[in-house]
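Participant: Residues per chain, in single letters:
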Amino acid sequence: MARVFIPFALRKLTDGVTEVRVSGGTLREVIDNLEEMYPGTKERIVENDAIKSGLAAVVGEQPTREGLRTKVGEDIEVHFIPHIAGGRAVARCGSGLGR
Amino acid sequence: MVSTQEYKVIGTRPIRHDGLDKVTGRAVYGADIKLPGMLYGDVLRSPHAHARIKSVDTSGAEAMDGVIAVMTSADMPEAGDKIVDLGEGEINLKYASNHIIASGKVNFKGHPVAAVAATSTNIAREAVRAIKVEYEVLPSAITVDEALADGAPIICEEMVGDDLGEEVKNTNMASHFRHEFGDLEKGFSEATTIVEHRYDLAMVHQGYIEPQNATAVWNEEGRIKVWVSTQGSFSTRTQIAGVLQIDESRINVVPLEIGGGFGGKIPIYLEPLAAILSKKSGGKPVRILMDRTDVFDATGPTPGGWVNVKMGVNDEGIITAAESDIRFDAGGFPGSPVGAAAMCVFSCYDIANTRIDGYDIIVNKPKTAAYRAPGSTHVAFATESVVDEICEKIGMDVVEFRLKNASKEGSRRADGPIFPLIGNVETLEASQASPHWQSELVRDGGNGKLRGRGIANGYWFNIGFKSSVNLSVNTDGTVMLVEGSTDIGGTRVSIAMQAAEVLGIPAEDVRPTVVDTDSVGYTDVTGGSRTCYATGYAAYNAAKSLITKLTTRAASIWDLSEDQIEFSEGKFASKSDPELSMTFKELASQLNDTGGPVNSTGAVDLENAGGSFATHIVDLEIDPETGKTDVVRYTTVQDVGTAIHPSYVEGQMQGGAVQGIGWALNEEYFMSDEGAMENASFLDYRMPTSLDLPEIETILVEVPNPVHPYGVRGVGETPIVPPVAAIANAIYDALGIRLRSAPMNPGRILVALKEKNG
Amino acid sequence: MVDKIHVKTTINGLPQEFLVDPFMSLLETLRDVLNLTGTKEGCNDGNCGACTVVLDGRIVDSCCVLGAEIEGKTVETIEGMAGPDGLHPLQQAFLEEAALQCGICTPGFLVSAKALLEREPEADEHRIRYWLAGNLCRCTGYDKIIKAVQKVQA
Chain A
1 MARVFIPFAL
11 RKLTDGVTEV
21 RVSGGTLREV
31 IDNLEEMYPG
41 TKERIVENDA
51 IKSGLAAVVG
61 EQPTREGLRT
71 KVGEDIEVHF
81 IPHIAGGRAV
91 ARCGSGLGR
Chain B
100 MVSTQEYKVI
110 GTRPIRHDGL
120 DKVTGRAVYG
130 ADIKLPGMLY
140 GDVLRSPHAH
150 ARIKSVDTSG
160 AEAMDGVIAV
170 MTSADMPEAG
180 DKIVDLGEGE
190 INLKYASNHI
200 IASGKVNFKG
210 HPVAAVAATS
220 TNIAREAVRA
230 IKVEYEVLPS
240 AITVDEALAD
250 GAPIICEEMV
260 GDDLGEEVKN
270 TNMASHFRHE
280 FGDLEKGFSE
290 ATTIVEHRYD
300 LAMVHQGYIE
310 PQNATAVWNE
320 EGRIKVWVST
330 QGSFSTRTQI
340 AGVLQIDESR
350 INVVPLEIGG
360 GFGGKIPIYL
370 EPLAAILSKK
380 SGGKPVRILM
390 DRTDVFDATG
400 PTPGGWVNVK
410 MGVNDEGIIT
420 AAESDIRFDA
430 GGFPGSPVGA
440 AAMCVFSCYD
450 IANTRIDGYD
460 IIVNKPKTAA
470 YRAPGSTHVA
480 FATESVVDEI
490 CEKIGMDVVE
500 FRLKNASKEG
510 SRRADGPIFP
520 LIGNVETLEA
530 SQASPHWQSE
540 LVRDGGNGKL
550 RGRGIANGYW
560 FNIGFKSSVN
570 LSVNTDGTVM
580 LVEGSTDIGG
590 TRVSIAMQAA
600 EVLGIPAEDV
610 RPTVVDTDSV
620 GYTDVTGGSR
630 TCYATGYAAY
640 NAAKSLITKL
650 TTRAASIWDL
660 SEDQIEFSEG
670 KFASKSDPEL
680 SMTFKELASQ
690 LNDTGGPVNS
700 TGAVDLENAG
710 GSFATHIVDL
720 EIDPETGKTD
730 VVRYTTVQDV
740 GTAIHPSYVE
750 GQMQGGAVQG
760 IGWALNEEYF
770 MSDEGAMENA
780 SFLDYRMPTS
790 LDLPEIETIL
800 VEVPNPVHPY
810 GVRGVGETPI
820 VPPVAAIANA
830 IYDALGIRLR
840 SAPMNPGRIL
850 VALKEKNG
Chain C
858 MVDKIHVKTT
868 INGLPQEFLV
878 DPFMSLLETL
888 RDVLNLTGTK
898 EGCNDGNCGA
908 CTVVLDGRIV
918 DSCCVLGAEI
928 EGKTVETIEG
938 MAGPDGLHPL
948 QQAFLEEAAL
958 QCGICTPGFL
968 VSAKALLERE
978 PEADEHRIRY
988 WLAGNLCRCT
998 GYDKIIKAVQ
1008 KVQA
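Residue numbers (the working numbering), protein chains in the order written: chain A, 1 to 99; chain B, 100 to 857; chain C, 858 to 1011.
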């Protein structure tokens, strides 16, 4: 089970829970399972079958380079961090964890 | 760990391959290009910081002899509200398009409104003056506080802001996000000493010496070729394709030599204008150059704004809680580096309970761009000043405190992820042991001048991303290296050295060339301290692949199987027969009889490089009569991973430190109430000169990055992070006054001294 | 339009003859008329030194001199610094000491430093820093530039 850290802006969807254990062999499965547990979370994280722009998915220690296909190991940490872009952090009409 | 590895090429200081052209004036930079039939462009820019464009009359310009084409936003394709990934960050195409040429409204002084192409620079300049624009001037918001105040003029009227996941309309706040870990209230309740202050910073510019430029041809086949000075030819291609809505494959970007960038030459400004003018003039090449005022007024500086930091420590000197509120002005469109700032604000420390709020705020100033560790200098100013104050309050040594609370492998960064192997502690220890820190400070500078010493830490995460390298072997045993990373400060040599190390040949025998986007695989920008790391990794992979192919050739010559051959120390040799041995060069000479050319490619898409920490130590001498501050000694200590070419690593550390010194003491966008920069020249925007500075001492700490074959971490950005804070701490040490506003120029020092002394 | 001016001059030891607009700076003249693009524009108002050239033995910012003013005078630019015998020792020292990063300010620094060493071969570090203060470099922090000049003195 991955340790998924819930970003602040999604904690109202998780009743204030900040960290949950979620099963899944890939990031896609983890996000789908998180959605089962806390409906509404997926659309804040995924858009057009990819991690939303303005958001970085961290699996382990570093932002993933393989998006939803990233393999997620046992006990590995998963973070969704808004505005991580190095140097040109994006902000736009309804960016990041908004819509 | 690779730290004990013996290298032949890495760690040496060969002369850069492109050096000869650069010391003789032969190197071709963006403004040096001249094409047959070329036209000269110029841009009409808004004199107002915020205004509605009522009408644009270009007839006067069009009627002039020698004017070939005139354009306005009406010539731009309608850009959708689409986000495009540039590798290092993303852009919204609608804003990118409106930024390049104003549509309906100008959001900052210098915002382009129209452009012309003519047969000479002078005619183009005159033609721009003949264009009549009717503006309805609107009230402007210049600072983050003005932009968030009730009744503030709304700058991007259609924008929907994001406030912790909720949509907000009619706002200049593009985004507000939060990171929260642990229990902040509990953490502060455990603290026995709490310090909280707000730190303000003025907008500052990268100050590269070469102004932006672009030359473009849009031909009859619908293909665009652009010659430009850019940090990323592929990112330029993506942006042009997005803004002009044509396929990337129809655009070829030719990167010329680049006269400095520091993050500021990632966004495009002139390219689509030159391309459209070329199309309108029947495919003639059009060249547009900015002047220095244009650069200050209309290219991306780094944000001004403020950072509030509150930190609590217990009786043992352990930080129990820390909180930050970071508000950056994005400029006339959304997108400041506030996200990166939030990653960095508490990264030098291991803190259990943290909360960080970040705000991206639109103001009527030029749209900000990256500037060397964007956002991290701002937050270091706040955090490292607060740490200094805490140390004084609890009576603890400033380095001991930092060591006691230092983040290390396994520490959780305040935005979530845990740190991989990092060199924060090693850097602090090296600073503590440095001759500078160990030396006694003579406090009396003579003639009434007072001296003080300051120290500060800094962090930058260093990115990875995509790079491509092609190698081909010449029969004389040399190797041609083709790369997509534009060389902003000596990366050709450091990439070539990594290939040479694998191949067992001298760095001089690998000839690196930076080519256009038609000629090499995708490569992300030269930025984020990624080039030596990621493009170096691509070169390493390509060189490994070359060795595999050459082993096959050796096998064929000796009639052995590949697995009977080993390559080491630059020699191919039979594992069983000691007589069978060939150097790389000897084997290369036999390529033509064994199957012809041998080429290889390397391509990578890497995770971040693990981050680099720096500690800077500064001694200042301040004249209380004039408020003038002189830097009398400066030492930079940094974990550089592995220094591939130590001279260029030192150069990055020295150059970054000096930019930070300018930021701390002099540089600022001095804005009028109407939103005009009043010091838009190098005379009034005062960057450090050689006379303002002492030697910049460097101490290279090498904690090799475990995810790179040679341990490269990236070094270019971290050096600009500590200087502002280190200088603020040294000013306090000298005068007993805490300056919480940058720049800490003579005026501010005199005012603070007067307040203190009454 | 006003008539162009006819100019006869000597640049890097070679006689040159050309027509130039009366409003054109020496910088524009060198770059656009004579194709000597080694002299760079950084600010066009005499504050960065990227366009430094030697005019009748004195260093000047070529953006602050008119092209027509060099009639009958001698101009030395970066293109004249290396000769058939190879690089000037300063050019070699800049390479060896890594005294350049992006390289855009390098021609101006080399021209200024050469003029310094011709006048004051024994200049100390402070004097070198003083002399080169008219040339801005944003990449190096100047440290390696100063050391390169000192290397040539040694």
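Worth flagging that the hints you see were computed from the coordinates, not collected in a lab.
Possibly wrong hints are sitting among the right ones.
[Said to hold, decoys possible] Chain B is nowhere near these chain C residues, computed Cβ spacing over 12 Å in every case:
1) 871
2) 894
3) 912
4) 923
5) 926
6) 956
7) 974
8) 976
9) 993
10) 998
[Claimed, not checked] EDC-like mimics (lysine to aspartate or glutamate), calculated; alpha carbons at most 20 Å apart, straight line:
11) A:71 / B:791
12) B:855 / B:724
13) B:727 / B:676
14) B:107 / C:953
Just so it is clear, the structure is predicted and the values come from calculations on it, not from any experiment.
Using N, Cα and C, we set each Cβ at its ideal position, and we do this for glycine too.
Participant: All hints, please: hold or fail.
Facilitator: Each hint tested on the structure:
1. Separation of residue 871 of chain C from chain B is adequate, the least Cβ-Cβ distance of about 15 Å exceeding the 12 Å criterion.
2. Some Cβ of chain B comes within 12 Å of the Cβ of residue 894 of chain C; the nearest lies about 4 Å off, and the non-interface call is violated.
3. Look at residue 912 of chain C: its CB is around 17 Å from the nearest CB on chain B, clear of 12 Å, so calling it non-interface holds up.
4. With a least CB separation of 14 Å from chain B, residue 923 of chain C remains clear of the 12 Å interface cut-off, as annotated.
5. Distance to chain B confirms residue 926 of chain C as a non-interface residue, since its nearest Cβ pair spans about 18 Å, more than 12 Å.
6. Not every CB of chain B lies more than 12 Å from the CB of residue 956 of chain C, the least distance being 9 Å, so the non-interface label is violated.
7. Listed as a non-interface residue, residue 974 of chain C keeps its Cβ farther than 12 Å from every Cβ of chain B; the least gap is roughly 15 Å.
8. The beta carbon of residue 976 of chain C sits about 17 Å from the closest Cβ of chain B, which is more than 12 Å, so the claim that it is off the interface holds.
9. A cut-off of 12 Å between C-beta atoms contradicts the statement that residue 993 of chain C is not in contact with chain B; the least separation is 6 Å.
10. The Cβ of residue 998 of chain C does not lie farther than 12 Å from every Cβ of chain B; its closest approach is about 4 Å, which violates its non-interface assignment.
11. Of the pairs offered as hints, the one joining residue 71 of chain A and residue 791 of chain B is violated, with about 53 Å between alpha carbons and a cut-off of 20 Å exceeded.
12. For a cut-off of 20 Å, the pair hint linking residue 855 of chain B to residue 724 of chain B stands: about 14 Å separates their Cα positions.
13. Proposed proximity of residue 727 of chain B and residue 676 of chain B is contradicted: the alpha carbons are some 73 Å apart, above 20 Å.
14. With a C-alpha separation of about 19 Å, the suggested pair residue 107 of chain B and residue 953 of chain C falls inside the 20 Å cut-off, and the hint holds.
Violated hints for the displayed structure, listed by number in ascending order: 2, 6, 9, 10, 11 and 13.
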